[in-house]
Amino acid sequence: MTSKFAVDLPISADQPSLAGPSGTGSGGTRVLGALTLVGIALVAFLAFVATPADSDMGDTVRLIYVHVPIVSVAYLGIVIATIGSIAFLWKRSEWWDLVASSSAEVSAVLMGLTLVVGMIWGKPTWGVYWVWDARLTSTLVLFLLLLGYQAVRRTSVDPWVRGKRSAIVGLLLLPNVLIVNRSVEWWRSLHQEPTLLRLDPTIEGLQLFTLVLAIGVTALMFVWLAVHRFRLAWLQDRVDRRLLVDAIEDRRSEVTV
Amino acid sequence: MFRDAALVAGKDLRIELRSRVAINQVLPLAVLLLVLFAFALDPDTGLLVRATPGLFWIATVLCGLLAVQRAFAVETADGVTDGLRLSALDTGGLFLGKAAAVALQLIVLQALLLAGVVVLYDAAPSGWLMLVVTCGTATAGIAAAGTLFGVLAAGVRVRETLLPLLLLPVLAPVLLAATRAFEAAFEGRSSEGWPWVGLLAAFALVYIVAGLFGFGALLEES
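The listed protein sequences correspond, in order, to chains A and B. The working numbering puts the first residue of the first sequence at 1, with every later residue one more than the last. The working numbering puts the first residue of the second sequence at 258, with every later residue one more than the last.
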């Protein structure tokens, strides 16, 4: 090979091999997955069979055991995404970039589900799918912000460019959440009667236990999904870079022959 | 930094003055929006007057989006971004300059829109102090957030669609707060409007700080 073609590409410094893991599962994630599935089965039993129906809301109250956990864990994921973005800008490591993006992606799915579950609950309870309640509105805006973050992720294949762009958007997620929540709460409280969405404050005993367990199980599920998403993204980056290195080597061999 | 900002703002405003895109296209578009709102909401029912603050700010945000897109369209052509980076201007100053140019165009636009709603919608604005302060803080927020996301989207092939998707949800609190502050001013209840102005100021501050630190890193990749 002549030096003429030894182009100094940043990617050629570290040529990743494809001889790594071929899947995203490992012993740890299998245990995690099994625990999650058992937990979901347990929560389903408690939520549908063991706990009583609400005197006012009837069976629809059981949706709380899905709704509250997924929205809480989605917020947790956003906090992780912001921390990951800050850590990426500080440490400049691909690891943190993928932590942030995997958390944000799973959070986006959970936020979407929160909205859907909320609407399914809203129709029989309020008679409408949607009300312009503070919490609903801020959740919707937040969901759209997360979609914007996902769009930024897809703008570049260069991990460094992609990481920097999405880290700055990710860094601003948390301040945005705070500003959106504040503004929407003022908006509704100044102009409308108090929020309709009020969970029964006297939740206790088995119902409280079910809810806490459901939050724990959902957090486990979040970790499970995020770890798989992280590993998938990691492998995808390796494959992309490997293909590029292979293509460059093919071209070089054509010339030297 | 401020001298650099003044240079960049001066450059952008001179380009806008000479190309006349803002005057010949964006300002007429703002008037057109006012006309379209009147078609959508029946002017005879009083709905239009009641909705005036909201419509004013929707028109401002949409035109702001165009101003931001314009501000970076002139940079991405012919590798001007590389020239800017080579010019050794302070990146914080670059950010402030571009944001200031967008802000100034938006202020001119808002003056026209305000005249437009008075003439076309028969709106009777009052509480001028509140109106001016709201316009100032909201415009600072729109320009700062717009400039930050504008440079992020500038180097991307899908920038025309990416920028609205990123920017509009972020600007939702600005739209909300500025509309409420305007409503309070129009109805002579200024005391209710000041918390909203505070929120606008906080938003502007967050994005000015984020822009001062993040703009340089994003400019490298555009």
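A portion of the hints provided could be inaccurate.
To be verified - On the chain B side, residues computed to face chain A include the following (Cβ under 7 Å):
#, residue
1, L409
2, V413
3, L419
4, P421
5, L423
6, A429
7, L433
8, A434
9, G455
10, F460
11, L462
12, V463
13, V466
14, G471
15, A474
Bear in mind the hints are in silico, worked out from the structure with no lab data behind them. What you are looking at is a predicted structure, and each value in this text was computed from that prediction instead of being measured. Cβ coordinates follow ideal geometry from the N, Cα and C atoms, glycine included.
Evaluated hints:
no.	hint	in the structure
1	L409	6 Å, holds
2	V413	4 Å, holds
3	L419	6 Å, holds
4	P421	9 Å, violated
5	L423	4 Å, holds
6	A429	5 Å, holds
7	L433	5 Å, holds
8	A434	5 Å, holds
9	G455	10 Å, violated
10	F460	6 Å, holds
11	L462	10 Å, violated
12	V463	5 Å, holds
13	V466	10 Å, violated
14	G471	5 Å, holds
15	A474	6 Å, holds
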